[in-house]
Amino acid sequence: MATTEMTVILARLVARAMLQLPAQRTHRIRAANFAALRPWPGLTVEIRKSAPAQ
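Take the sequence shown: its letter number 40 is residue 24 in the working numbering, and every next letter is one higher.
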């Protein structure tokens, strides 16, 4: 998928969900690659509540 499409998918997910960031690892979170849209070594997110997709 193109980076733009992945960004739109992520934006829609974040817009309809209530997210919480639990305690992370002790080292800094840094981007591995913008196109990968993921931090290295990873970021844990808990979904507390989610609205149905339209």
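Keep in mind the hints are simulated off the structure, nothing from the lab.
Some hints here could point you the wrong way.
As the list claims (entries may be wrong) - SDA-like cross-link-like pairs, simulated, lysine to any residue; straight-line CA separation at most 25 Å: (1) Lys33 to Met(-10); (2) Lys33 to Val(-2); (3) Lys33 to Ala1; (4) Lys33 to Pro6; (5) Lys33 to Gln8.
Said to hold, decoys possible - Derived CB-CB ranges, DEER-like: (6) Ala7 to Gln38: 16 to 22 Å; (7) Arg32 to Thr(-12): 16 to 22 Å; (8) Glu30 to Ala(-5): 14 to 20 Å; (9) Pro36 to Gln4: 28 to 34 Å.
Every residue, glycine too, gets a C-beta built ideally from N, C-alpha and C.
I'd like to know which numbered hints this structure contradicts. Please list them from smallest to largest.
Violated hints: 6, 7, 9; rest satisfied.
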